[in-house]
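Q: These protein sequence lines are chains A and B, in that order.
Basically the working numbering = 1-based index in the first sequence + 1.
Basically the working numbering = 1-based index in the second sequence + 1.
There may be inaccurate statements among the hints.
Copies of one chain are not kept apart here, so a pair can be met inside one copy or by any two copies together.
Capping the alpha-carbon separation at 27 Å, the derived lysine-lysine pairs in DSSO-like fashion look like this [stated by the list, open to error]:
(1) K236 to K179
(2) K40 to K269
(3) K165 to K14
(4) K183 to K4
(5) K40 to K256
(6) K233 to K316
(7) K316 to K230
(8) K165 to K256
(9) K183 to K236
(10) K183 to K233
(11) K236 to K370
(12) K392 to K316
(13) K165 to K20
(14) K230 to K280
(15) K40 to K232
(16) K4 to K20
(17) K236 to K40
(18) K280 to K20
(19) K183 to K237
(20) K392 to K179
In short, the hints are calculated from the structure, not lab data.
Number of protein chains: 2
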Amino acid sequence: MRKVCVAGVGMTKFGRSQKSSIEMFAEAAMEAIVGSSIKPADIQCLYFGNVYGDLEEGQTVMAPYAAREIGLSAGTPSLRFEGACASASVAIRDAFIAVAGGFYDLVLAGGTERELAMGTPLATRAFEMASEAYYEGYAGITFPGVFAMLARLYSKKYGVPLPKLKERMAMVAVKNHKNGAKNPLAQFRNEITVEEVLDGPMIAEPLQLLDCCPFTDGAAAIVITTEEKAKKMVKKPVYIRGVGQGSGAPLYRQKDFTLIESRVAAAKTAYAMAGIEPKDVDVVEIHDCFTIAEIVASECLGLFDFGTASEAVEKGETRIGGRIPINPSGGLKSKGHPIGATGAAQSYEIVKQLRGEFVERGTQVEGAKIGLTDTLGGDSATLVNIIYGIKG
Amino acid sequence: MRKVCVAGVGMTKFGRSQKSSIEMFAEAAMEAIVGSSIKPADIQCLYFGNVYGDLEEGQTVMAPYAAREIGLSAGTPSLRFEGACASASVAIRDAFIAVAGGFYDLVLAGGTERELAMGTPLATRAFEMASEAYYEGYAGITFPGVFAMLARLYSKKYGVPLPKLKERMAMVAVKNHKNGAKNPLAQFRNEITVEEVLDGPMIAEPLQLLDCCPFTDGAAAIVITTEEKAKKMVKKPVYIRGVGQGSGAPLYRQKDFTLIESRVAAAKTAYAMAGIEPKDVDVVEIHDCFTIAEIVASECLGLFDFGTASEAVEKGETRIGGRIPINPSGGLKSKGHPIGATGAAQSYEIVKQLRGEFVERGTQVEGAKIGLTDTLGGDSATLVNIIYGIKG
């Protein structure tokens with residue numbers, strides 16, 4: 002396997018957009034391409050993430066149109082990946098495999114999604130389809146319900162009283178909004194308080210409105226290439242040190258959802274490939290679709306012992322400046338969650354963190370050398386972890 | 002790049018099924034696994050094609066549930082590919098890249114689709130989404146319309162009078178039904194006549210009902226591995242000699258749809274990788290979603306000079322026993338077209354043809370050493386060609 006690097010990265014403003022999914026993707030892609038000092042024609046393959054192009058815009062088979070929109074040729078393959086909210090990370094991991102194995106030298110990976118025009122009723126129905134359809138979806142389950150049950154399970158299993166857990170969950174939202182407020186690309190740039198979270202509308206007890214990430218329009222993309230090429234293209238290439246992907250069973254077949262099996266397996270694979278341990282990670286972008294999701298994920302990733310992550314949040318260990326900063330971008334909670342793009346946006350953040358480019362933004366994790374992305378698709382169906390490093 | 006082979010292959014009966022997409026896929030996958038003399042746990046990654054799981058069954062993120070259904074573990078990655086009707090061939094090509102590059106040694110690729118329960122109105126709307134959405138779809142175009150226009154364009158460009166072209170198009174349907182009648186897995190096993198085609202209901206002038214392939218439920222899968230492993234697993238490993246994939250622009254940006262740019266580019270790549278020319282191909286499975294589609298495809302693939310393929314059909318050159326047999330399986334027209342599975346079903350047919358396993362069925366292409374699959378997604382958006390051979 003060859004060493005693989007990220008050259009340029011690009012990302013749109015997250016929020017509500019008047020652009021189509023393809024137009025947003027083109028904007029992010031061109032930023033990544035220009036930032037790589039290449040031309041579109043240098044790209045040998047497009048790895049493209051999108052989830053609901055059909056329901057959002059009546060557009061299936063979006064990858065080739067996206068490829069042509071940015072100037073790729075008829076002979077350039079374009080692959081659409083759908084792994085629910087992890088789609089772009091699935092695309093990035095697969096792009097890594099093709100470059101590491103020597104099939105391609107230079108490719109583009111990313112994703113795009115345009116959710117807000119769907120409206121809440123259709124979006125809620127659409128997202129629910131990322132639960133198992135025949136037993137769970139038909140029973141009326143939606144993601145707020147799943148993660149509300151997870152919060153209750155967590156509270157009971159680890160003996161963290163629900164009011165205390167709710168307070169700590171609120172602190173996750175407060176932290177992520179504090180970070181996101183400084184991110185010019187974030188959807189919500191307002192700081193919030195624990196009281197505001199706890200006083201908010203109830204969505205699925207114990208989750209309140211500000212425990213939940215929003216619907217979002219947006220896109221992100223990264224250029225992936227060989228170490229050799231990357232060194233010529235950019236001043237600070239960032240290495241992809243390890244990748245891992247897991248496949249979760251439907252929830253009704255899982256024993257304990259606080260130990261998310263696809264994540265534990267994916268992280269193990271990624272750490273082994275990178276030759277590191279969780280303690281070596283300096284900065285993390287975690288899939289905080291709900292506040293409890295960030296807490297549980299940080300444990301499954303080995304960043305905290307099981308049952309201890311909510312206390313760590315209260316102690317400030319996951320803030321910028323804390324022991325292991327989580328979601329300096331603002332996370333899905335504040336930055337936004339355009340599901341097909343989210344994994345690429347996480348990679349965008351980590352690559353720029355490792356390049357030290359967020360000093361001016363005020364959210365630089367100082368001295369960060371190794372970063373980790375964690376992207377969840379469905380309620381645990383597809384899980385991708387990617388480890389980036391400033392050294393190969 | 003390492004040499005890559007297909008070991009076992011599997012396919013369900015095509016037609017109407019009471020099984021879910023995942024259950025159908027599991028049936029095909031287990032046949033491929035058993036035929037490879039392996040256990041599910043030996044599979045390192047699943048490459049899975051599906052197009053409309055959300056609209057058909059309310060199921061997004063289907064790949065991991067399919068993976069777990071056949072006994073793969075939480076640590077086994079599963080990737081869903083959507084390239085409209087070419088989805089399974091996109092999956093197979095990507096699986097080839099991972100094995101050729103040395104990332105994996107043994108993987109499973111295939112696809113599944115469950116269309117018939119949608120009903121014609123929703124299915125028609127769904128399929129239309131594989132046209133470009135903002136300019137073409139909104140203008141009311143559907144695939145029968147696109148291919149009807151292609152037939153008229155072909156007639157005019159090459160000076161084949163429309164009544165003559167219609168007769169020859171009907172001969173494509175007659176040939177494919179004759180082949181499909183012998184295929185126990187085909188959806189339609191009735192032979193038809195040219196008169197029946199020409200007397201049928203008009204769908205989009207000049208395409209009549211029997212010029213069009215059906216909606217279908219079905220699944221197919223193949224095990225892809227290294228040459229070394231395949232030789233130990235099966236008596237007759239079949240090599241993947243070359244792969245090519247193209248990305249077509251929206252139709253309104255293309256100059257001449259009789260020269261399908263994504264197909265010309267994909268075929269060129271595949272032939273070059275295989276180190277062969279079109280004349281070296283012994284048997285072909287072509288994407289005959291409409292009868293005119295088979296004619297045009299066979300020219301873009303270099304099997305006939307441009308403008309001559311309809312005459313070749315009349316002369317019987319594409320029959321079994323003819324110069325270059327096309328669609329001995331019955332093709333999409335007779336075998337059926339479960340869109341997410343079609344590419345894998347084409348590969349199933351070619352692998353078995355090269356193994357010489359269709360003598361009893363009565364559709365063996367004698368002495369076939371090199372076979373080609375051709376799978377079209379959308380009206381030309383994604384095009385995949387795969388070349389198989391009995392030698393590496």
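Q: Against each hint, give a clear statement of whether it holds in the structure.
A: Going down the list of hints, with the structure as the test:
In this assembly of identical chains, the alpha carbons of K236 and K179 never lie at most 27 Å apart, being 30 Å within a copy and 63 Å across copies at closest. Only between protomers do K40 and K269 lie at most 27 Å apart by alpha-carbon distance; the minimum there is 23 Å, versus 37 Å within a single protomer. In this assembly of identical chains, K165 and K14 lie within 27 Å of each other by CA distance neither inside one copy nor across copies; the values are 35 Å within and 56 Å between. Taking CA atoms no more than 27 Å apart as the test, K183 paired with K4 passes in neither setting, with 33 Å inside one copy and 51 Å between copies.
In this assembly of identical chains, K40 and K256 lie within 27 Å of each other by CA distance solely across copies; the values are 24 Å between and 50 Å within a copy. Within a single copy, K233 and K316 get their C-alpha atoms no closer than 43 Å, and across copies no closer than 57 Å, so neither meets the 27 Å cut-off. In this assembly of identical chains, K316 and K230 lie within 27 Å of each other by CA distance neither inside one copy nor across copies; the values are 43 Å within and 53 Å between. For the homomeric pair K165 and K256, the shortest alpha-carbon distance inside one copy (25 Å) is at most 27 Å, but the shortest distance between copies (65 Å) is not.
Taking CA atoms no more than 27 Å apart as the test, K183 paired with K236 passes inside one copy only; the shortest distance there is 25 Å, against 63 Å between copies. In this assembly of identical chains, the alpha carbons of K183 and K233 never lie at most 27 Å apart, being 32 Å within a copy and 59 Å across copies at closest. Taking the shortest alpha-carbon separations for K236 and K370, only the intra-copy value of 16 Å comes in at or below 27 Å, while the best inter-copy value is 50 Å. For the identical chains of this complex, K392 and K316 are neighbours neither inside a copy (31 Å) nor across copies (64 Å), given an alpha-carbon limit of 27 Å.
In this homomeric assembly, K165 and K20 never come within 27 Å of each other (Cα to Cα): the closest approach is 42 Å inside a single copy and 46 Å across copies. For the homomeric pair K230 and K280, neither the shortest alpha-carbon distance inside one copy (31 Å) nor that between copies (38 Å) is at most 27 Å. For the identical chains of this complex, K40 and K232 are intra-copy neighbours only, at 17 Å inside a copy versus 43 Å across copies, given an alpha-carbon limit of 27 Å. Proximity of K4 to K20 under the C-alpha cut-off of 27 Å is found in neither arrangement, the shortest distances being 36 Å within a copy and 44 Å between copies.
In this homomeric assembly, K236 and K40 come within 27 Å of each other (Cα to Cα) only inside a single copy, at 17 Å, whereas the closest approach across copies is 47 Å. Taking identical chains as interchangeable, the C-alpha atoms of K280 and K20 are never at most 27 Å apart, the minima being 41 Å within one chain and 47 Å between chains. Proximity of K183 to K237 under the C-alpha cut-off of 27 Å is restricted to the intra-copy arrangement: shortest distance 24 Å within a copy versus 61 Å between copies. Proximity of K392 to K179 under the C-alpha cut-off of 27 Å is found in neither arrangement, the shortest distances being 30 Å within a copy and 62 Å between copies.
Violated hints, listed in ascending order, are 1, 3, 4, 6, 7, 10, 12, 13, 14, 16, 18, 20; each of the other numbered hints is respected by the structure.
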